[in-house]
Amino acid sequence: GAGVSQSPSNKVTEKGKDVELRCDPISGHTALYWYRQSLGQGLEFLIYFQGNSAPDKSGLPSDRFSAERTGGSVSTLTIQRTQQEDSAVYLCASSLADSDTQYFGPGTRLTVL
Amino acid sequence: AQSVTQPDIHITVSEGASLELRCNYSYGATPYLFWYVQSPGQGLQLLLKYFSGDTLVQGIKGFEAEFKRSQSSFNLRKPSVHWSDAAEYFCAVGDNDYKLSFGAGTTVTVRA
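Protein chains in written order, with the numbering used here: chain A, 537 to 649; chain B, 1025 to 1136.
Calculated directly from the structure, the hints in this document are not laboratory data.
The structure presented is a predicted model; accordingly, all values stated were derived computationally and were not measured.
Even for Gly, the Cβ is constructed at its ideal location relative to N, Cα and C.
Wrong hints could be hidden among the right ones.
Quick list of the computed label-pair ranges, beta carbon to beta carbon [said to hold, decoys possible]:
1) 1066/B - 602/A: 26 to 32 Å
2) 1080/B - 538/A: 30 to 36 Å
3) 1090/B - 637/A: 40 to 46 Å
4) 1035/B - 608/A: 40 to 46 Å
5) 1135/B - 541/A: 32 to 38 Å
6) 1079/B - 545/A: 36 to 42 Å
7) 637/A - 1041/B: 14 to 20 Å
8) 1135/B - 551/A: 40 to 46 Å
9) 633/A - 1080/B: 26 to 32 Å
10) 1090/B - 620/A: 28 to 34 Å
11) 541/A - 1133/B: 27 to 33 Å
12) 538/A - 1041/B: 33 to 39 Å
13) 1035/B - 538/A: 30 to 36 Å
Work out the full structure: start from the sequences and follow the hints.
Structure below.
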């Protein structure tokens, strides 16, 4: 079956613009995670969705970052008023409920000029 | 708070030689420990994991890791590396929701 997909694969934007990054998890996976991989910070957790529960937003670096998950499937990570330090690869992962194994997507490389 | 340290940023190893990647973790409870590999241009792939039980765990691609609670370590090993093992390797610790905290990664270069 299909794995986790993310779009776009690359995004170049200007400082101050808003961007939306999309994640399509594996069908049937109720847990969804967003991570960020950057040169300065390495791989960091951003936000976690599990079913219909309120998301765990403890990893979001600022209030410019938000995410939603519609219908328990597709998720969108939104970054408002992008800054150069937001440049990174944004990774999405999904897993079955109460499963330890996360399946990662290929990531979206965001470049903020 | 949980954290992971990978002391080696870069390791070069000859093809056919053994490989060991170090990982130390900090976590208040029984840790969920993982090793992931990221090949150039590829996503993260799970190599192996440890939750409980046998402290020596086997993974894919001939890798194994040993959990040592007394040393807070979870080192990854492979007896004989192949050129295709050149990649970046990440150790991670997960909390009860499996939110992962990753180490900085170790880049492995394999020379012929």
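Cross-check of the supplied hints:
1. 1066/B - 602/A: 26 to 32 Å: 28 Å, holds
2. 1080/B - 538/A: 30 to 36 Å: 34 Å, holds
3. 1090/B - 637/A: 40 to 46 Å: Because 20 Å falls outside the window, the suggested range is violated.
4. 1035/B - 608/A: 40 to 46 Å: 42 Å, holds
5. 1135/B - 541/A: 32 to 38 Å: 35 Å, holds
6. 1079/B - 545/A: 36 to 42 Å: Because 39 Å falls inside the window, the suggested range holds.
7. 637/A - 1041/B: 14 to 20 Å: The hinted range 14 to 20 Å is violated for residue 637/A and residue 1041/B, with Cβ atoms some 30 Å apart.
8. 1135/B - 551/A: 40 to 46 Å: Holds, at about 41 Å.
9. 633/A - 1080/B: 26 to 32 Å: Distance hint for residue 633/A, residue 1080/B holds at roughly 29 Å.
10. 1090/B - 620/A: 28 to 34 Å: 42 Å, violated
11. 541/A - 1133/B: 27 to 33 Å: The hint (27 to 33 Å, Cβ to Cβ) holds, given that residue 541/A and residue 1133/B are roughly 30 Å apart.
12. 538/A - 1041/B: 33 to 39 Å: 38 Å Cβ-Cβ, so the 33 to 39 Å window holds.
13. 1035/B - 538/A: 30 to 36 Å: 34 Å, holds
Violated hints for the displayed structure, listed by number in ascending order: 3, 7 and 10.
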